[in-house]
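Trainee: Go by the hints and put chain F with the ligand onto chain U.
Line by line, the protein sequences give chains U and F. For this note's numbering, add 214 to where a residue sits in the first sequence, where the first one is 1. For this note's numbering, add 12 to where a residue sits in the second sequence, where the first one is 1.
It should be emphasised that the hints constitute simulated quantities derived from the structure, not laboratory data. The structure displayed is predicted, hence computed values, not measured ones.
Pairs of lysine-lysine residues, derived as DSS-like cross-links and limited to a Cα-Cα distance of at most 27 angstroms, are as follows:
1. Lys192(F) with Lys275(U)
2. Lys229(F) with Lys136(F)
3. Lys221(U) with Lys235(U)
4. Lys235(U) with Lys275(U)
5. Lys229(F) with Lys275(U)
6. Lys275(U) with Lys197(F)
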Amino acid sequence: MTREDIKTYVLDYLAGRMTCKEFVEIITDYLDGSLSLLNRIRFHLHLGLCLGCRVYLRQMKHTIETLGRLPDEPVPPAVREQLLQRFRTWKNT
Amino acid sequence: MRQVGVSTPDQFEAYELELSRRAPVPKTDYPNKAGIEPPGRRPAAEELLLLERLRNGDEAAFTLLVERYHASLIRLAQAHVSDRSVAEEVVQETWMGVLEGLDRFEGRSSLKTWIFRIVTNKAKTRGVRESRHVCFSSTGALDEEAEEPTVDPSRFRTSGHWADYWASYPQPWDEGTPEKIVLTKEGSAYLEQAIQALPSNLRQVLILRDVEGLSSKEVCAMLQLSEANQRVLLHRARSRVRRALEQYLEEGIRPA
Ligand SMILES: [Zn+2]
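Same shape as in the complex, but just chain U (with noise of 0.2 angstroms):
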């Protein structure tokens, strides 16, 4: 058992080992800040020994930043013409 093992089970004890499939299932809440503080800390140490939850994490960040950014196609221009008028509309009324 090398020195890295022994770390990993001694963490893993200590605060109640968090499997990458639970992981996977709390993103959201951490993200909202809604995790309770023990989760807080099994979810960071799950996140200091494991290589596939942060590449996974930062994915989901990836999707997050992704979806913000997402371009809108443009208004045609007979809707926009046709909104126009009925703002005309109104503002004689």
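Mentor: Frame of chain U, contents of chain F with the ligand only:
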């Protein structure tokens, strides 16, 4: 710019904080060349000015408002009523509602949140009439699929001390991935399709939170959801979109 290989929990914590402080990226006013605007919320002063101009009947201000929100409203309405033409009608009604309410709007929420609340209410009413609307307050909000894992179970080991740990690690994506996807027609069409493939309730939450950047509180109030239920829906929606992006980036899946 984010660094590759951030690896200690401390660094993650710092990054997390930075992310949570930074408001989600807002939509563009006009589609600019890059299609992207720097992060940050609209300043309240800008909105007050816009509001005043609207009340004074300023046509340019109204055009700006339409350019800014029309496509978002269509997307959101479509999450409630599947038919595109019905969604367009709902959005027309929404703009009328905006005009009717403009003088009474007190600015207790942002203009954007207020407009989104109007479209949500109108789309809900319309959806109920067409009896396809997903009602969150019923027991159906978090049905049997709530317990379904958001990651394919076959990606985890099934036995031994490392059971439920990754069988093989997910592949890291390039740092520029979000830009890379949204800057191409193909990428944004793919993402739009991935959103449209979501069930109605997941889609509503995902659009409001991640595409439009509304807060959890605002979304819960708008959709009459508890914070916990909202997070479950959001998480499932995000996980599905992540999977779709993974297929795009790693498996060469392209928009239909
Ligand atoms: Zn892990």
